[in-house]
Amino acid sequence: MIMSASPRLEGGGSAAPDSILDITDLSVTMNSAGRDIRIVDELSLRIAPGERVALVGESGSGKSVTARAIMRLDDSATLTGSVKLDGQELVGLPEKRMRALRGAQFSMVFQDPLRTLNPLRTIGDQIAEPLRIRGVSKRDALKAAEETLDSLGVVDAKARMRAYPFEFSGGMRQRVALAIALIARPKVLIADEPTTALDTRVQERVLRLIDDAARERGVAVLLITHDLGVVAGFADRVAVMYSGRKVEDAPVDVLYSSPSHPYTEGLLAAVPRLDEDQAELVAMPGASAAPGSRPSGCAFHPRCPFAMEICRATLPLLSERPDRAGQVACHLRTMEETA
Amino acid sequence: MSTTVLKVFRGGSPTGGLRGRLGPAKQLWFDGVVVGLVVLLVLLAAFGGLLAPNDPFLVDLGKAFIPPGPQHLLGTDESGRDVLSRLMTGAGTTLLSALVIALSAGVIGVIIAALASLAGGWLDEAVMRLCDIVLAIPALILALGIAMALGPSLQSAIIALIVAMWPGTTRIVRSSMRKNMEEPYVEAARSQGASKWNVVFRHVIPNSLDVAIVDTAFSIGGITLILASLSFIGVGAQPPSPEWGAMAADGRSYVLTSWWITVAPGLAIMVAAVAFGLLGEVLQARFNPSQGRR
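Chains as they are written, first to last, in this note's numbering: chain A, 1 to 339; chain B, 340 to 633.
In short, the hints are calculated from the structure, not lab data. Hints should not be assumed to be uniformly reliable.
Stated by the list, open to error - Restricting the straight-line Cα-Cα distance to at most 25 Å, the calculated cross-link-like pairs of lysine-lysine (BS3-like) are: (1) K518/B / K535/B; (2) K138/A / K96/A; (3) K96/A / K84/A; (4) K158/A / K138/A; (5) K535/B / K96/A; (6) K138/A / K518/B; (7) K158/A / K96/A; (8) K187/A / K535/B; (9) K84/A / K143/A.
From just these sequences and the hints, can you work out the full model?
Pasting the structure below:
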C-alpha cells in the first residue's frame, strides 16, 4: 500500500536528485503592528520530481504564506531555514537571481483567476509574457502561447488569444493562468487554492487539467488547499498544517484510511459526503489558533478531544507514525510508541 | 467606436460588470451633447482662424464700438476690430494652449509617479511631499508667480501652468498605483519572473491611466480659466493677441458702455471651462461606473 501510494518517491533513480524541492526548517516571520509574528514555524517538506504533494490546513494555518515564501514573493517576510530548488538554495538568494528562477524553474497558479490576469491585456500577450521577459521574440512567444493554450484543451485557441480576460469564464481563466504558469517549462508548480474561486463542477475539471498537464510535462506540484475533498484524487502525499506547523505528513491513502493526528481526523470528519446519508455537517469545535496568540505546548490542544496535561506544556515534535508510513506530531502517538 | 476600444473600456473595471455598453438613453444623450460640444470647441481651436469673417487684427478706428448687429455679429472693440473674428482666432490660442498644458502636465505627472514608484523609499516620499507643497498653493497664485518671474508672455504662462499642474496628476496616479500594486495580477506577474520595471510599466501604469485621463480632462476647464486669468492680469498672452482672457481685459474700461467686448470672450471662457469639466465627468462615469458621476 505504501509502495503504490508514492511510486515516484521510489522511482527517483540515482542520477536525478531525490527531491526537486527540499524545504528544511523553514520559518517565516512577519512584522505586524510592531510585533514580529512567526507565521510558519520550522516547516520541512520534500517534493520529488514529478510528485504531487498537497499542503492542507485551515485559513490562517500558514499554507499560503509558505507558498509565497518559497517563491520569495513577499518582501516583508523574513525567512530562516533552507529552501532548495533542484539543489539551489533560495533563502538569501539575491532578488535578481530569484527573478530568473521564477517562472522558469518554478511558477504559481493563484486562487482568483480573474484578478490574477491583467484586465487590460489580451490573453495571448499574457501567456507569452514569461517567454518575452526571457528575450524570446514576440512571434515565437505567441506561437508557443497558442500551443500551450491548445494543449490545455482550449477550443479555438488561435482566436481566443486576442480576447480579454473578462470575456472568459472562471474555469477558462484558470486554464489561461495555468498556461502562463507552464509556458516556460518549470519543474515545480505551486497551486495556491486553484479551485476555491470556482464552482464545484468546474473545480474537478480544472484539477484534472492541472493533473494531466503536470504529468505530461513531468512537473512536480505543490497543491495548497483547505479542502481535503479536493486532495483525494490528486495528490500522492498530504502534509497537514496547523497554526504554522506541520502536524502530519503521509501518503494520501494512508492519511485517509488511518489519520494519525486528531486534527487530521477532525478535518476528514468534516468533509461533506455525497455518498452517505448525512443529517448534519460535521464541524470541528473551536477556532483555528491565530499565529500571534498561539496556545502553549501543542497549538491544537484547546480543540483536541484527547488533550492531556503534557499537550498544554510541551510542543510535540514530528516523529515517525506508528505504522512507519509518514510523520506525525502528537503526544498521543509518541506515548503509544513507548507503551 | 471600434469593438477593441469597447473591450478595453469595459475591461478596465472588472467590478463594473458588463451592464450596458453605452448606458441608458438619457445618459447617452447627455454624454453625446458634452462630447459634441468639446469636438466643436476643438474644431474651432483648429480652424477658427481660417473661418473668421474678418481680419482679427485690422484696426479701423472709424468702426470702433459698433454694437452687435448684422454687419458684426458680436460687434467691434475699441479699435474697430471684429469681436467674433477675434474670438474665433483666439480659440486657437486659448484652447490649444490649455490642451498643451493639460497633456504635458498629465504626461509629466504620470512619468514622475512611475519613477517615484520605481525608486521607492525616501525618494518616493520626497516627491510626494513636494507634490503636497505645490498642491497647497493655489494654482493661479503659483502660476502667476512663475509667469512673472519668467517675464510676461504666453510661453511663460504655459510653462508656469505646467509646473503648477503636474503634481495633481502625480499624486492621484501614485495613489492609484499603490492600490494596483496590491492587485493579484501584480503578484502573479512577479511569480512569472517579471522585474519591478516590467511590473510598473506593463501592469500597474496601464491600469492607473484611467485616473490620469479623467484627471487631465477635468483639469482642462480649470486651465482655460487660469490661462485667461493670467492674460487678463497681463502676465499671459500680450496684445494684440486675441487670447480670450486678454480680450476680456481689453474691454474692461468700456464694460458699461460697450459690454459685448468683455462679455463675448467671458462667455466663451465659461462655455469652454464647463464643457471640459463635463467631459471629465463623462469619462469618469465611463471608466469607473461603480464610482458614479461626481
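Output the indices of the hints that this structure fails to meet, ascending. The structure breaks hints 6, 7, 9; every other hint is satisfied.
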